[in-house]
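Participant: Take a look at the letters that make up each chain.
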Amino acid sequence: MLYREAGQFKTTYAADQQLFPIRQDRIGVITLLLIAFIGVPLFASEYWFSAILIPFLIFFLAALGLNILTGYAGQLSLGSAAFMAVGAYAAYNFQLRIEGIPILISFLCGGLTAAAVGILFGLPSLRIKGFYLAVATLAAQFFIVWCLTKFPWLSNNSSSGVISTQQLIIFGHELKTPTEKYLLVLSIVVVLALAAKNLVRSSTGRAWMAVRDMDVAASVIGIRLMPTKLLAFAISSFYCGVAGALYAFCYLGSVEPDGFSLDMSFKILFMIIIGGVGSIMGSFLGAAFILLLPILLDVLLPFFAGLFGLPFSSATVSHIQILIFGALIMFFLIVEPHGLARLWQITKEKLRLWPFPH
Amino acid sequence: MSKKIGDVILDLQNISLRFGGVKALTDISFDVREHEIRSIIGPNGAGKSSMLNVINGVYHPQDGKIFWHGQERRKMEPHMAAQQNIARTFQNIALFKGMSVLDNIMTGRITKMKSNFIEHALWFGRAKNEELEHRRKVEEVIDFLEIQHIRKTPVGRLPYGLQKRVELGRALAAEPSMLLLDEPMAGMNVEEKQDMCRFILDVNDQFGTTIVLIEHDMGVVMDISDRVVVLDYGKKIGDGLPDDVKNNEDVIRAYLGAGH
Amino acid sequence: MNFFFEVLIGGLLSGVMYALVALGFVMIYKASGVFNFAQGAMVYLAALSVVGCMEKGAPLWLAVILAFAIMTLFGIATEKFVLRKLVNQPPIALFMATIGLAFFIEGLAPMIFGSEPRALDVGIVDEPIEYILENFNMVISRFDLVAALVASVLVATLALFFQYTRIGRALRAVADDHQAALSIGIPLQNIWAIVWGVAGFVALVAGMMWGARNGVQFALTFTALKALPVLILGGFTSVPGAIVGGLIIGASEKLAEIYIPPVMQNLFGGNFGGIEGWFPYVLALLFLLVRPEGLFGEKHIDRV
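Protein chains in written order, with numbering that gives the first Met the number 0: chain V, 0 to 357; chain H, 0 to 259; chain W, 0 to 303.
Isolated chain V, as found in the complex:
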């Protein structure tokens, strides 16, 4: 009875094309934002900020980037982490080499650099599709990480490419506490998420989806495949790049190229498969799921082991984690290919009818 659109008549197309056409959704989103901006900083502990909320927001952003490319434009990528690395290192170098450049501009430039690199590695997509393209993005993954390790200039001559990020100064104020960093990350992520939502409901997004669903028909309609695909690569890499910069500056503070490994790329891919391919909500839910699951397992597994008196090493726990990730991926692909986002949608549809069954 609470979640129902009956009675909300749209009298203009403008009203029908709002960001969130259903009133309850609007209220829900605003409430969530209020909680995130005001409620959480009041109550969350430092551990929550630095170990859970900040990485969650950053990976949400990266998953969003990958989802734009894979979920909306239909181009599979196994190199998201490498584009995050580009963003992180580029932002670091802009801070380092340009006197007095504001940190936010550095993040922006980091994203733009990643976008440029993304376009470069997206070029093969004009001739190849599917898993062939996956191999091309693997090339990006290995090549970029190698470059960052081997060219000392990129890491200001530090050994093995480790960089320690500069201070976060915004309008003369240095962000030190996890709460401040959290608010910065949150603001950036919210802005970019809204922009993504706008993109996918506009003709840019429709062009991506058209190319994804049937590229020949798309080109016959007048969509030019090359710019459309490359734009998807650019924007996706931009999101990943900004996520990478935030990962370095606001989460870890010090990163090395090998940290942006193939495993991390897979992790981001898993987020969108489990969360929902082609859904912004899906990126959100997927990131939360993939980040929280290991924490949950860390707590639960030893508990159950203790219950049954089994010896449990930490290695076993990590193996079980990998195994469960793999099993979940297969499970979701088989049972619910649209992921958690689809389950969320079904729940909403049920709510719409509740308490009547039909």
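I should point out that these hints are in silico values taken from the structure, not numbers from a laboratory. Please read these numbers as outputs of a predicted model, since none were measured by experiment. Some hints could be false.
Said to hold, decoys possible - Residues from chain H that face chain V, not an exhaustive set, calculated with beta carbons under 10 angstroms: (1) N55; (2) P77; (3) R87; (4) F95; (5) K96; (6) D102; (7) T110; (8) S114; (9) A126; (10) E129; (11) E130; (12) H133; (13) R134; (14) R135; (15) R169; (16) A170.
What the hints assert, rightly or not - A few chain W positions that, by computed beta-carbon distances, are all more than 12 angstroms from chain V: (17) F4; (18) V63; (19) L65; (20) F67; (21) A118; (22) D120; (23) V121; (24) S140; (25) V145; (26) F161; (27) T164; (28) G167; (29) R171; (30) Q178; (31) Q188.
For glycine and all other residues, C-beta sits at the position ideal for the given N, C-alpha and C.
On the provided structure of chain V, position chains H and W as indicated by the hints.
Facilitator: Same frame as chain V, but now just chains H and W:
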């Protein structure tokens, strides 16, 4: 009939198309006049769809010339056909399965949108206005095809007949001057066929759209076409008014399959 | 010049190993259109099964038979519980499912057999062949040569199997057109089970070779990643392509590793080792731009 058939707008001369060793089309010439309904018929594998693909630039013939409004067309890509106001539907429905009916038809207007992705991301100014303005046009198409009730349904969930109609809608949304229809009535029941015929005739009549039609239902073809071209094994075996074609011996032989 | 040939031959021989893994991919791709990312994980599982069984006291021959049984069972289970449920899904979904499968195996295998790196002794020593060392002054590993021989025998057997047996013909029919194969009475699912069994066997051979050479450890799973560029070069559907692609990748990455870093060092300073980590991919990528269907693959025409 009140409509006036105009000059030749599309002229195909000696078109030949090969895939490796397979000859799909051999030395085919025919033309299309403005405002007419021009049908291409022929048995399965005659090269009808290939012909449409040549017209809108999906396939590139090895030999032959194509004149569009009197000008020779050189190498051309499919999206250029769209810019020249040629729209089409496909034999096997080629809708964008993951999108709603409304979004599918909106994509039909994509060449007419000028705003760029930054404006889209900010949803500001031109992007927003364009979205509204084109929505209005799309709603006209939706009204015309009588599919208001399924506006927001994902096309994957629609029955076959309605999908075909949505595909026509997507093509119409581009306000094409020439419309290529590849078996728009295949697999439909009589009622659905009647609806589709009505839409095709209305489009031709109201908007003056030139139509190139591939269809197997001879009753329909002979009824609504102005001129018919017949293909068999990639060669042209007949061309002319429906009645002439109907009595053409080669055509009868091709359809009845009596000796070669 | 001797040194060049030494590197080249070493590269070619290690290329044979890549080809061995790539073969498993080609088998499954040909028969079911699935790009099996888990092939590398299967290699790891196979090698672990062998050493695991030997640790429990089984002699080598018994361990190999047991490992083969495990691989076959595993292949059939994969077909039955995962792939069969995903029939008619887009290929990319199947591909992602095999990534999931790879993780599943990578978690499961060490839980059963332990994760610490172990040596696998198959009775061949990894040392230079004296004859070649004395007469040509080149270091060519005996082990690599044996591995190459094994691979050749395996490839020949598979080729014969495909060409002349009933199952082989059925396999090719299935690869050509699932529907048509079904309609003439070829039991599709049995065929897929067999293919996964054969792929498991190929993984076993590859696992033993790689395991004996580099030790049985988690890094074995990376062999799959190296096999990808091999496939792109050779074409996804071609057995000879896998071999030739493997040889090219093996030889070129070793040559690149030896000859490119000094040049880079002269230009930029610093240490530029590790080129072989990405070289095959970039090579494959450049190759893709020229010939997307691979050396031996079939050209694909989009039908509208």
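Participant: Would you pick out the hints that fail for this structure and give their numbers low to high?
Facilitator: Going through the list in order, the structure violates no hint and respects every one.
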